[in-house]
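Trainee: Chains as they are written, first to last, in our numbering: chain A, 1 to 426; chain B, 1001 to 1392.
Think of the hints as simulated: they come from the structure by calculation, not from any bench.
Among the clues, some could well be false.
Derived DEER-like restraints, expressed as beta-carbon distance ranges [stated by the list, open to error]:
#1 Gly1356/B / Leu237/A: 51 to 57 Å
#2 Leu3/A / Val1215/B: 35 to 41 Å
#3 Gly1160/B / Phe23/A: 24 to 30 Å
#4 Leu41/A / Ala1193/B: 38 to 44 Å
#5 Asp287/A / Val1310/B: 49 to 55 Å
#6 Arg1315/B / Gln332/A: 50 to 56 Å
#7 Gly310/A / Gln1295/B: 33 to 39 Å
#8 Pro1016/B / Ser285/A: 40 to 46 Å
#9 Phe135/A / Arg1386/B: 37 to 43 Å
#10 Leu3/A / Ala1193/B: 49 to 55 Å
#11 Pro316/A / Arg1017/B: 24 to 30 Å
#12 Arg178/A / Leu1013/B: 32 to 38 Å
#13 Asp1065/B / Met290/A: 33 to 39 Å
#14 Gly1160/B / Gly310/A: 47 to 53 Å
Nothing here was measured: the structure is a model prediction, and the numbers come from that model.
Beta carbons: idealized from backbone N, C-alpha and C, even for Gly.
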Amino acid sequence: MTLYLRGDDAPVLAPPTRVGGAFGWLREHIFSGYVSGPLALAFISLIVWLLPDLIRFFVLDAIWSANDGSACRVQGTGACWAFVDRKLDFFRYGSYPGSEHWRVDLTLMIGTVLSARLLWPDGQKSRSGLLAFLFGGPLFIFLMMPGPAAVLREPGVELSILAVGIALACVLEFLNIRTLWVAIVYFFIFPILAVYLLKGSAVLGLMQVDTNLWGGIFLSLLVATVGIVFSLPAGVLLALGRRSELPAVRFFSILYIEFVRGVPFITVLFMANTMLPLFVPDNWSPDRLMRPIIGFALFAAAYMAEEVRGGLQAIPKGQSEGAMALGLSYWQRMRLIILPQALTLVIPGIVNIFISLFKDTTLVAIVGIFDFLRAIDAARIDPVWTGPTVSPTVYAFAAAFYFLFCFGMSRYSQMMEERLSAGRRR
Amino acid sequence: MSDAAAQPSVSLLYNPRFRGFIWQAILILIVGFLSYEAVVNAATNMRARGIPTDFSFWDRVASFDINQTLITYSATSTYGQAFLVGLLNTLLAAIIGVVLATFLGFFIGAARLSKNFVVSKLAAIYVEVLRNTPLLLQLLFIYNAVLKPLPNPRDSISFGAGIYLNNRGLVVPDPQFAPGAVYILVAAVLGLAASVAFKAYAKKRQFERGEILPVARMSAALILLPPVIVYLLAGQPISFDTPVLRGFNFVGGMRVLPEFVALVVGLSIYTAAFIAEIVRAGILSVSHGQTEAAQSLGLSRTQTLKLVVVPQALRVIVPPLTNQFLALTKNSSLAVFIGYPDLVQVFAGTVLNQTGAAVQVIAITMAVYLVISLITAMIMNVYNRRMALVER
Chain A
1 MTLYLRGDDA PVLAPPTRVG GAFGWLREHI FSGYVSGPLA LAFISLIVWL
51 LPDLIRFFVL DAIWSANDGS ACRVQGTGAC WAFVDRKLDF FRYGSYPGSE
101 HWRVDLTLMI GTVLSARLLW PDGQKSRSGL LAFLFGGPLF IFLMMPGPAA
151 VLREPGVELS ILAVGIALAC VLEFLNIRTL WVAIVYFFIF PILAVYLLKG
201 SAVLGLMQVD TNLWGGIFLS LLVATVGIVF SLPAGVLLAL GRRSELPAVR
251 FFSILYIEFV RGVPFITVLF MANTMLPLFV PDNWSPDRLM RPIIGFALFA
301 AAYMAEEVRG GLQAIPKGQS EGAMALGLSY WQRMRLIILP QALTLVIPGI
351 VNIFISLFKD TTLVAIVGIF DFLRAIDAAR IDPVWTGPTV SPTVYAFAAA
401 FYFLFCFGMS RYSQMMEERL SAGRRR
Chain B
1001 MSDAAAQPSV SLLYNPRFRG FIWQAILILI VGFLSYEAVV NAATNMRARG
1051 IPTDFSFWDR VASFDINQTL ITYSATSTYG QAFLVGLLNT LLAAIIGVVL
1101 ATFLGFFIGA ARLSKNFVVS KLAAIYVEVL RNTPLLLQLL FIYNAVLKPL
1151 PNPRDSISFG AGIYLNNRGL VVPDPQFAPG AVYILVAAVL GLAASVAFKA
1201 YAKKRQFERG EILPVARMSA ALILLPPVIV YLLAGQPISF DTPVLRGFNF
1251 VGGMRVLPEF VALVVGLSIY TAAFIAEIVR AGILSVSHGQ TEAAQSLGLS
1301 RTQTLKLVVV PQALRVIVPP LTNQFLALTK NSSLAVFIGY PDLVQVFAGT
1351 VLNQTGAAVQ VIAITMAVYL VISLITAMIM NVYNRRMALV ER
């Protein structure tokens, strides 16, 4: 048997090179490898190359105010913000008559305060959260929808709308209205109020505004909200149906969900636009704006159902069995035990679906609805303003708008995810 | 105890099976009634408005032109052929888009995990910007703000090698295949088969004797060399018809429509942002202990990635990746906004408007996307089953 024993010490290795200071940080974080080092260098040179041009185009050389496109057509000028400024009312309200804009503002204000209360259940507990809820939300809508120019034009009306928003927030907050009541108001009373406000009614003494005139940001938000508000309850029902023990219920739920998820949204819109009027009796035929909204809601419900199903599957069977042992009926089990847990679990996923649905609202333009993006694209080719810089400017403006909304929602979803996982974190 | 009489008698109304039966019967009745009403209404309405109710339009002459056709098509072709042209255009855009999006997505997903500050931050910005703006906006931007203002053919941007970009599209050399070209294809297929066989052999050899053969280098040689050798031996049967500027436009070469470029670029950069997130989540899902264990076994960084991290990450990546492929295919229908002649633009647009056969056309269009979805889902399920964790 041979034994091997090492006689000498292992050679002393040099300590790992670590250089402190700015140089060390650069070496570790930027020029760290054979691939990423050159890649970083390439990216940095790309930024150095592009950034000054972008700043020059969008800020320094930009035209901020002009009466027509001649100033923007001059060689070497940058973004034509004057165009956006001039068309801002069209981008926000479409062709909704100018004297009636306050109706849109009021609807949005009430809707925003109510949704803020629902989406941010206990954000008001901290002082900054309370201030944001009472004043931040109403002010944001106030600055976005009427905008400073309109406020100067009609200070009385617009300021009272702001006051209504803040007052509503105060009522919800200081009278301690229960979330359930807020939800009932939001899902049942607010939509009816909104329809009367926006369409007009003789009883309220409001002028009739045909849906053909609706458009812009307001319409995008409207389509998105209706779709989202409808899709949540419908999605829950479909998800429950898909997990039901009754074969017929399960069959129809799966059929619906898989069918809608298997086809592009555009074809659903085409179907809603051309086929829906054929399927119902002639005098029931839905309004031109109503058709894509119905299509959107039906489409949204299927995606929502799959998200909710994920939540339902994550609830251990013991929960349902425990509830059964207590003698609760099916609907009691779902309402009191399963759904509260399942829905909280999938809030981040639901918000992600909201984001993609909000982006999908741009597609309703295919059936002739003047949503925000369609309004942008229609204004872009205005012969008075046409010029080489107009298209990049308005598209950048639209991108900023959508980014603001979607990025905000995704941050919100991350915040909720963190909050909801607090109980599971150790 | 098995005696039924021992159980307390329950009213039929409280029997869960009976109740379930009743509920289902009600549901079926409602669905049946609604479908019946819809069909009856549709029949009446269609007759009243003179809308065709059969598929006889399929064989009628379409009498409109399509500016990108993969099969022979002219204004004298039938609506059925127009459908085929649209379908092929959709598939072309979707397949090229899927390939590009996958490569770009994996690259950006990996870049986002890089320890390198600049690389990971830029990848993050890319993902956030692309994910949080609508695809339609991106398509319109690429088409109207980038491709449309390009110079006219005379001042084309040249990329060298006979590739030019101008406001009428991308002009590239058109490969011309002489009769001998088929042997190159044969050689390529044989080379591919040989490399697969070599990989299997190398694996067997490693199991039996512990030797590691240079699989990557051998595969590269086996796949690349045979076609090149055959190309030279067969007297260079592939030549390129290079575009030449003559007058106001290019002659020769192959012109790729700007609509197609916009659609494919838009779809792939948008989907790549989602794929990047999926890849990132997949790689992060492999626990750090796995990497540490692999390193303590003496595996190199590349080996750790190739043998330990990627196979486990793929398990998490593949199902959502499938969804992204399907989403891209469905999103290719946005072509209708920029006028690329895809299935929706040609069939659900022009054909529907000309024939008025709304129900049939929409039903066929939806069926096509459903079939594509089902086939993709089936292929991916098979793959997924093979990749899934094998448990005891």
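Trainee: Compare the structure with each hint and give your call.
Mentor: Going through the hints against the structure:
1. Between Gly1356/B and Leu237/A the CB atoms are about 36 Å apart, so this pair departs from the stated range of 51 to 57 Å.
2. In this structure, Leu3/A and Val1215/B meet the distance hint of 35 to 41 Å, their C-beta atoms being roughly 40 Å apart.
3. At about 39 Å, the beta-carbon gap between Gly1160/B and Phe23/A misses the expected band of 24 to 30 Å.
4. Checked against the given bound of 38 to 44 Å, the beta carbons of Leu41/A and Ala1193/B, roughly 41 Å apart, stay inside it.
5. One distance hint, 49 to 55 Å for the beta-carbon pair Asp287/A and Val1310/B, holds here, with the actual separation near 53 Å.
6. Checked against the hint of 50 to 56 Å, the C-beta distance between Arg1315/B and Gln332/A comes to roughly 39 Å, which is inconsistent with it.
7. Distance hint check: the CB atoms of Gly310/A and Gln1295/B are about 35 Å apart, consistent with the given range 33 to 39 Å.
8. As the Cβ distance of Pro1016/B to Ser285/A is approximately 42 Å, the hint placing it in 40 to 46 Å holds.
9. Here the CB-CB span from Phe135/A to Arg1386/B is close to 58 Å, at odds with the stated 37 to 43 Å.
10. The beta-carbon spacing between Leu3/A and Ala1193/B, approximately 53 Å, falls within the hinted interval of 49 to 55 Å.
11. In this structure the supplied range 24 to 30 Å holds for Pro316/A paired with Arg1017/B, their Cβ-Cβ distance being about 26 Å.
12. Checked against the given bound of 32 to 38 Å, the beta carbons of Arg178/A and Leu1013/B, roughly 35 Å apart, stay inside it.
13. Between Asp1065/B and Met290/A the beta carbons are some 36 Å apart, a value that agrees with the proposed interval 33 to 39 Å.
14. Between Gly1160/B and Gly310/A the C-beta distance comes to about 50 Å, which sits within the given range of 47 to 53 Å.
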